[in-house]
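We have chain A already, so just place chains B, C, D, E and F on it with the hints.
Protein chains in written order, with the numbering used here: chain A, 1 to 319; chain B, 1 to 319; chain C, 1 to 319; chain D, 1 to 319; chain E, 1 to 319; chain F, 1 to 319.
There may be inaccurate statements among the hints.
To be verified - Computed spacing ranges between beta-carbons, pair by pair:
(1) C:1 - B:185: 50 to 58 Å
(2) E:47 - D:19: 21 to 29 Å
(3) B:185 - C:231: 54 to 62 Å
(4) F:181 - C:188: 36 to 44 Å
(5) A:178 - B:124: 51 to 59 Å
(6) C:109 - E:102: 42 to 50 Å
(7) D:143 - C:106: 52 to 60 Å
(8) B:185 - E:151: 56 to 64 Å
(9) E:84 - A:243: 39 to 47 Å
(10) A:253 - B:77: 43 to 51 Å
(11) A:211 - C:106: 45 to 53 Å
(12) C:304 - E:47: 44 to 52 Å
(13) B:312 - A:109: 44 to 52 Å
(14) F:159 - E:84: 58 to 66 Å
In case anyone wonders, no lab produced these hints; they're calculated from the structure. Where is the CB? At the ideal position from N, CA and C, for every residue including glycine.
Protein chains: 6
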Amino acid sequence: MGELVTFGETMLRLSPPRGQRLETEGGLDARVGGAESNVAAAAASLGTQAVWLSKLPENALGRRAVRSLRSHGVRPEVAWDDSETARLGTYYLEYGAEPRGTDVIYDRAGASVTTVRPEELDFTVFETASVFHTTGITPALSEAAAETTLELLRAAGEANVTRSFDLNYRSKLWSTSEARESYESVLEHVDLLFAPIRDVRAVLDQEGDAESVAYRLADDYDIETVVVTRGESGSVAYTDGEICEQDVINAETIDAIGTGDAFVGGVLAELIAGSDIETALSYGAAAASLKRTVEGDVLVTTREEVEDALDQSTGGISR
Amino acid sequence: MGELVTFGETMLRLSPPRGQRLETEGGLDARVGGAESNVAAAAASLGTQAVWLSKLPENALGRRAVRSLRSHGVRPEVAWDDSETARLGTYYLEYGAEPRGTDVIYDRAGASVTTVRPEELDFTVFETASVFHTTGITPALSEAAAETTLELLRAAGEANVTRSFDLNYRSKLWSTSEARESYESVLEHVDLLFAPIRDVRAVLDQEGDAESVAYRLADDYDIETVVVTRGESGSVAYTDGEICEQDVINAETIDAIGTGDAFVGGVLAELIAGSDIETALSYGAAAASLKRTVEGDVLVTTREEVEDALDQSTGGISR
Amino acid sequence: MGELVTFGETMLRLSPPRGQRLETEGGLDARVGGAESNVAAAAASLGTQAVWLSKLPENALGRRAVRSLRSHGVRPEVAWDDSETARLGTYYLEYGAEPRGTDVIYDRAGASVTTVRPEELDFTVFETASVFHTTGITPALSEAAAETTLELLRAAGEANVTRSFDLNYRSKLWSTSEARESYESVLEHVDLLFAPIRDVRAVLDQEGDAESVAYRLADDYDIETVVVTRGESGSVAYTDGEICEQDVINAETIDAIGTGDAFVGGVLAELIAGSDIETALSYGAAAASLKRTVEGDVLVTTREEVEDALDQSTGGISR
Amino acid sequence: MGELVTFGETMLRLSPPRGQRLETEGGLDARVGGAESNVAAAAASLGTQAVWLSKLPENALGRRAVRSLRSHGVRPEVAWDDSETARLGTYYLEYGAEPRGTDVIYDRAGASVTTVRPEELDFTVFETASVFHTTGITPALSEAAAETTLELLRAAGEANVTRSFDLNYRSKLWSTSEARESYESVLEHVDLLFAPIRDVRAVLDQEGDAESVAYRLADDYDIETVVVTRGESGSVAYTDGEICEQDVINAETIDAIGTGDAFVGGVLAELIAGSDIETALSYGAAAASLKRTVEGDVLVTTREEVEDALDQSTGGISR
Amino acid sequence: MGELVTFGETMLRLSPPRGQRLETEGGLDARVGGAESNVAAAAASLGTQAVWLSKLPENALGRRAVRSLRSHGVRPEVAWDDSETARLGTYYLEYGAEPRGTDVIYDRAGASVTTVRPEELDFTVFETASVFHTTGITPALSEAAAETTLELLRAAGEANVTRSFDLNYRSKLWSTSEARESYESVLEHVDLLFAPIRDVRAVLDQEGDAESVAYRLADDYDIETVVVTRGESGSVAYTDGEICEQDVINAETIDAIGTGDAFVGGVLAELIAGSDIETALSYGAAAASLKRTVEGDVLVTTREEVEDALDQSTGGISR
Amino acid sequence: MGELVTFGETMLRLSPPRGQRLETEGGLDARVGGAESNVAAAAASLGTQAVWLSKLPENALGRRAVRSLRSHGVRPEVAWDDSETARLGTYYLEYGAEPRGTDVIYDRAGASVTTVRPEELDFTVFETASVFHTTGITPALSEAAAETTLELLRAAGEANVTRSFDLNYRSKLWSTSEARESYESVLEHVDLLFAPIRDVRAVLDQEGDAESVAYRLADDYDIETVVVTRGESGSVAYTDGEICEQDVINAETIDAIGTGDAFVGGVLAELIAGSDIETALSYGAAAASLKRTVEGDVLVTTREEVEDALDQSTGGISR
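The following block holds chain A by itself, in its conformation from the complex (with noise of 0.2 Å):
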């Protein structure tokens, strides 16, 4: 069972009490997330295990992120920035009740991470590997971090590693349009690819239902398997001319971010596992209904935990 290995940023993540905004005084929630870390935290917490690459600033916020990883069992392998600029994104999040949404302000631009070279990450890391994750994040960040990811997939794929990806398209980092390009020159270097379906229809200009959508991104593209997620509506998994679905798991949110970060945690922990991919939908979704009852980024469970999960929800796997 070979091991899990992401690369993105990771950032501070500041937010006020439930309630209360962000604009009054008062105390703010301090934690660590990033979509790639949290996918490799979510597989580590039901046994994978994960690596996480990523370049972050030598000072005691950098720090905080690797504490933070690994406490959540990641192994976190970073390129440390002590250049004058050296910065760890952030970002703020207040939570939001009807009628207002929950609102998020980022303040990432020129984080150490949009410095990141190949050269500077440790690529020994595949030699062990069985999957490589990253989303569309990342690319986005900036060219020197578009370009490690091309890097990276490439060497993933030559190492035989999975190369699996989140379309994870961030309106608030580049247009439609930037993304779109950036994802044709990834997208052929992908084995197994996630994609909201609100991304494929906003940047690939794809209609259709998920079921359609997961076979012609398949076949657009060549990759071997498409997980479609749709939200509240679950999600739809095509592979090797299969479809296989999978709903939602009821929960109570306390907290929604991470949610589908966490969903990619599980189906890639499981399939690492040896498990087929409709198994591994139903951890990713037991995964993501878990994250949404625990405060910050970060899904913290266990696989008993999540097996009860699944036991619990009334057939949750359907064809």
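Structure of chains B, C, D, E and F alone, referenced to chain A:
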């Protein structure tokens, strides 16, 4: 676009965390709130220049009230009480879950504001004011407060400032007959009345639905505009022979205190901005719904957020 | 109106904030709770003179238990354990949101109370007692605790004190067969039995609905009054050939722990105050519903609040 | 060994965290404290049976005072004020660091205790009492409180209960001439006087060192034992023609409020336990030093801890 | 008595609790601070009308800065940055105990204020201003900020507003040679200079004691008044051929950040109030000592408290 | 550069805030700590690869210990206890101010680690280890722990791993004669001994100063290097016929717990890094002084910070 001037008491509000009882040990959340200053703050968050007249103890608690209101963008113009008996009124708020209700203990007797005299206040604020607002709480505080209320209404009238009044009947402060007598003397000086239908029935003995109540109040007391509020059933305004209605905009309630004040603040801000009563009611409804999502007596928001809430509500305005 | 005497263990309860996991860093809320002391405290809040018998370590943690119970109006009469192995049992409570449940980790083995001997306790409390109450948890703690339980029941019987017992089966403490054997020896000394229907089925192997179970238990063990509780379906009491029923009173749940104890405390307080079982059940239901709105094992309320809850519930009492 | 009965006001004490100002936003620490209840609690922690007489508002705040005192092992015997004007006095405490001092804002006017009448209190407590204690704060609260103080002193005298009084002059409550007049009427009923030398000089116009002051007070007012306290310079007791002295025991100060009350509580506890005044003074000094290490008005300790503090202090007792 | 106008950056300051490390998990205290706004706030607390000019991101963080300054009594007149790159600078403060020092991590590059242009600011503030103050931090932020600083100084000069400048050299922002060049261009527009002797030596290469430095700076740059500050050794002012000195007033340090700004704020407030430089220095020293007792960058005080601190200091003013 | 392997217990440490008593209500700070894991964490913060061997309950509390150690950079290699009696030891820490000391209540009896067997641990860690460290606490826990300690020492010896041992006598765990017997059997397997002089005197009955004690221990037990620690008087090392001394480096104490472990961790880290004992002692002293400035058992620092502390200390190294 002129200023909004309000007059009334503001208190220190002390509350244990949700699920804790006031009678058990532990720290208390401490905030500043009062009907008229809440209105001023809500309007200020929508862009209105707002002034608050009052009398405060010349000590750290009085300064706390001033600091809090300034942070909300309100300009306090207060008389300072340096007497030995100077005090800031307080109230204790204990959140309740079904089957016990949220409970309030007032400890406001003898607060500095109860000794306020007209000559202590700065009447020049009316020179730049567009609307003067106070509520039925203020004359209930003391004879001095009642007289000062009347003086301010008279002066506002002479300065051609629109006089706004919210009945805001508080049974813990006076009897319905005392309130009625006071209302009678006040209402002849009022141009815009906010009348909770519950108070109209309890104090002014009027029956009938909101529309007829609005019409009758306008007629009886020769008031230009009457807004009758009906809690969950929304509000109705009568002006110039016309009736318009506004539904409540759904909200997840974090803290219900101050919802009515936010409504009034929203309506006044929009009227001052030049809108008609129908539009103003809708801003009031959005402000009220947003208030419910924020801890404390006071709405913290922006005009943009209010307009987003309006856009999302499905046709909240009806006729 | 005599006193209520209870006997059992009380523990330190440690819990992370909601949405946090016990396995991640951060402070813990710390409270004191135990079935029999919870009952005593609930009854005390309703006006009953309540005494709690137990054995505690002679250290700051033992004193903490005493201080907490005194604050709830209970008079602790405890044996102090100054041995080297003295300890206060603890339990860890992690609130869960769907799909994961609230989780409890007990760390109570070898607590001082497990070494309690009859001669260490003050049996003179029965001179002024009206009711003695303990639960099936106590004999499960240790042989010494079981023997002391029996001695206390015998002494209470000799003093004409009503003996109340709650089955309270805890599968983490003993097997159903061990429990059954113990129950058989206890029940002959019981005048008033609280029997969760789940426990009756699991341990006493009785089938049938609540009414028939109540009748059969009263008959089999010659118990004057049997109250069968059915969770969300309310309770049923059999006494003197008559059955009465009580619905659950709706509540918004802040903390469900201790709901059953509050029910028993409410029933006992009202019986001691001289009411009939039907009225007592209704007070129990109101106490239970109020408990749900309060953080911690222990109901903090007043008789007035309980009666308000009863008044608001729509005809909760039926026959 | 008889009981200690005390009589006086207790208040809710509200304080911002150290380094924060009362005038800026943020939660407040909330505790219960008052001179005479502090004395009762300190004595109770040393093993004395202690009773506290007072009048409290019949609401959650009054219950909070009762709960707090019970947790300290004190038995409150209070009259409940269910009038509309019932209130618990409050005081705001802001810790100061050099060059600004710790600041107190009293908000205690009109508290329920100011309306207390002798007939509302339970005079049967004197039947089992050994010592009755009150302070100069109580007669300063109101005429009713002053009269009740005198009635209690008279009744205690008739019951052969030792009457203890602490001058405790508070310049914010009355003038020195008012205080002097009151003291004159009180002191004829006093057997044991605690006299801060600062108060003796300010109010009773006596000059000279502690020894001569103690002698003179005992002589002038025919008081059996006079303890003169001198802050950092320790205390001096005169009784039966003899003088004994006690140094202050060094302490790191966390919270200085209540130090004097802990001293009195320690002295009274030890006198009630049968020790001579010299030993009692040493327990008082140890209790006072321990109080400084504990947050809040009230000493939380054990007899063992007090004795440890005594043992560690290097010969604190001198002659 | 005219207004004080200041210009500069304000940041969000994030700090873990004392004894905690920034690199370990946990919430962060969040406050707003910046040299020039600190000066404005300190002066405002002493009664000065204070205005703060700056540029802020048009989001919740920018509004937070405005709210905070308003609560301190400062009137912010800011340009709002609604660009995609708008950001509020942040800094992380970790309190250290010996042998490790308090540590600061700046994350302020690219803050909105670095893009400020003269035409974005309201130069009409000089019409009612008495003093304009900025510091050497502002021109170090960016070329745009440096140019705007010069424009403001020129405009202030033309409006006969006293121009005050604090060298405030920050080695993390620029080299000593860059700073020197900038200072040279600024100093010709300065009437009142605050010069930390450390900065004078490091940047302006001047040797000698404070007195001679003050004299030389006044002479070299034709500055009316030069105040040289020497940390624990107090300050020296040269004006009009005369030297006066001011000792430091002792304080227990809770938070040392902002001490220098409070000093400047105190001096400016008193100069604006009409006092001579000697008196002004003493107010500055008292303000500085009080700042040390308050958490946060900003002095929260009153004129009365400052005067009390002055009275208590033993003859702090010398010649 | 090989790894550091340590073996021992780690506990959950629960403590009320400073100035609060454990016996009064309120939340508890919760941290993880234990002598040997503290040493591992301190060494890891200095750059050593550190492994911790132990046995933990297979529940959230065991996982909490693992997560905490991972965050400190330690690799836990633990046996998981899934038995019914599995538990994590706890200890309660109450900070004291003079005249009362800091107090500890252990609740560690029967912790999972007391059942550890050699065959449950991964002895392959010695293949890459440079130093193995444990303390006198571990054999005191249980016979099984004592046997496992000896087995590990033997195996380490066979693998040519330096065996380090800290006497760490705990009077609450065993008598001096029990400890002595155990030490005798352990010391023959030890290459590097840390010997608090207090323990040497109490348990090993040796008199004389630190130098002679160090020499004698080395001689008696044939130990290569003996470090005798003397609290505030610094440490002395004897190795290879030479003595070197190290003063304590001054620190402001926030939390003294774990100071000795940080010292050992610093020494071991530096020895593993290839330094001589003299240099290693100085790193130990710096690590110990930094520990005092950080809340919790565990030193959180960096090599750079340790070296800064060394540079600032005035010639702490002497001969």
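Verification of the hints:
Residue 1 (chain C) and residue 185 (chain B) have their C-beta atoms about 54 Å apart, which keeps the hinted 50 to 58 Å range intact. Range check, residue 47 (chain E) to residue 19 (chain D): about 24 Å between beta-carbon atoms, so the 21 to 29 Å window is met. At roughly 58 Å, the beta-carbon separation of residue 185 (chain B) and residue 231 (chain C) lies within the given 54 to 62 Å, and the hint holds. Hint check: residue 181 (chain F) to residue 188 (chain C), Cβ distance near 53 Å, so the stated range 36 to 44 Å is violated.
A hinted range of 51 to 59 Å holds for the C-beta pair residue 178 (chain A) and residue 124 (chain B), which are about 57 Å apart. Between residue 109 (chain C) and residue 102 (chain E) the Cβ separation comes to about 46 Å, which falls inside the hinted range of 42 to 50 Å. At about 58 Å, the beta-carbon gap between residue 143 (chain D) and residue 106 (chain C) stays in the expected band of 52 to 60 Å. Between residue 185 (chain B) and residue 151 (chain E) the Cβ separation comes to about 58 Å, which falls inside the hinted range of 56 to 64 Å.
The supplied range of 39 to 47 Å is met by residue 84 (chain E) and residue 243 (chain A), whose beta-carbon atoms lie about 40 Å from each other. A hinted range of 43 to 51 Å holds for the C-beta pair residue 253 (chain A) and residue 77 (chain B), which are about 45 Å apart. Separated by about 49 Å at the C-beta atoms, residue 211 (chain A) and residue 106 (chain C) satisfy the suggested range of 45 to 53 Å. The hint said 44 to 52 Å for the Cβ distance between residue 304 (chain C) and residue 47 (chain E), and at roughly 51 Å that hint holds.
Our hint of 44 to 52 Å for residue 312 (chain B) and residue 109 (chain A) is violated, since their Cβ atoms are close to 30 Å apart. For the pair residue 159 (chain F) and residue 84 (chain E), the beta carbons lie near 60 Å from each other, so the given range of 58 to 66 Å is met.
Violated hints, listed in ascending order, are 4 and 13; each of the other numbered hints is respected by the structure.
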